[in-house]
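Colleague: Throw the hints in and build the complete structure from the sequences for me.
What follows is the residue order along each chain.
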Amino acid sequence: DAGITQSPRHKVTETGTPVTLRCHQTENHRYMYWYRQDPGHGLRLIHYSYGVKDTDKGEVSDGYSVSRSKTEDFLLTLESATSSQTSVYFCAISGETEAFFGQGTRLTVV
Amino acid sequence: GQNIDQPTEMTATEGAIVQINCTYQTSGFNGLFWYQQHAGEAPTFLSYNVLDGLEEKGRFSSFLSRSKGYSYLLLKELQMKDSASYLCAVSWAAGNKLTFGGGTRVLVKP
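Going down the list, the sequences are from chains H and L.
Count along the first sequence from 1, then add 72; that gives the number in the working numbering.
Count along the second sequence from 1, then add 155; that gives the number in the working numbering.
No wet-lab data here; the hints were simulated from the structure.
By construction, the Cβ of each residue, glycine as well, lies at the ideal position given by its N, Cα and C atoms.
Please note that a few of the clues may not be correct.
[Said to hold, decoys possible] A short, non-exhaustive set of chain H residues, derived as facing chain L with CB atoms under 7 Å:
#1 P80
#2 N100
#3 Y122
#4 D128
#5 Y136
#6 E170
#7 F173
[Stated by the list, open to error] Chain L stretches covered by chain H per the calculated footprint, using a threshold of three residues with CB under 8 Å from any CB of chain H:
#8 199-213
#9 220-232
[Claimed, not checked] Cβ pair distances, simulated, as ranges:
#10 E211/L to K125/H: 18 to 28 Å
#11 P90/H to T166/L: 43 to 53 Å
#12 G167/H to R221/L: 12 to 22 Å
#13 G167/H to T178/L: 32 to 42 Å
#14 T166/L to E170/H: 23 to 33 Å
#15 G135/H to G195/L: 43 to 53 Å
Modeller: Following this line, the structure appears as structure tokens:
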């Protein structure tokens, strides 16, 4: 299995609090992605990175920010969590011909 | 922009063959991925196509036609464990942006 780890795996947080999810890779892949997956919507891209300090928005980026200060770590921050951000979050890493997913983080905002 | 379409659901019999189609419209196409996702789990990588033609990998094969914006995943000798969702994803743009279709749920019946 590809070396990609998400933390935490599960989190319950209150509305209005900031939350940071971490994605860590040991594959030295250039590209990293954050997705959310909700019933009826499939995987939707939040933000992605094409190198250290190089990031761009996906289709559902409002309310989220990211940072990538080193190759192996890609952080997703919910600035002020809302109930609509309750979801399963997946991180993915990609080389030129393959892309692998982390185990996912189940986030509940109450 | 991009638009990726695949059927929502398909049903097939154990031992049979099923073909899952994916059509896409995107700019700056780099390649196309297929994933399998069992309920409650992360997507797992199946194949990557960058050139036109058929790529065979055991019971699974994937085909790409870039001029038609079309791909299919062929599952042969279906087994009960193949019941899952199958996700088509397109890599596009200079930053290797990775966008997914809604997924096709395949149900294999005895």
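Colleague: It remains to establish, for every hint, whether it holds in the given structure.
Modeller: How the hints compare with the structure:
no., hint, in the structure
1, P80, "violated (15 Å)"
2, N100, "violated (15 Å)"
3, Y122, "holds (4 Å)"
4, D128, "holds (6 Å)"
5, Y136, "violated (16 Å)"
6, E170, "holds (6 Å)"
7, F173, "holds (4 Å)"
8, 199-213, "holds (count 4)"
9, 220-232, "violated (count 0)"
10, E211/L to K125/H: 18 to 28 Å, "violated (40 Å)"
11, P90/H to T166/L: 43 to 53 Å, "holds (44 Å)"
12, G167/H to R221/L: 12 to 22 Å, "holds (21 Å)"
13, G167/H to T178/L: 32 to 42 Å, "violated (26 Å)"
14, T166/L to E170/H: 23 to 33 Å, "holds (30 Å)"
15, G135/H to G195/L: 43 to 53 Å, "violated (25 Å)"
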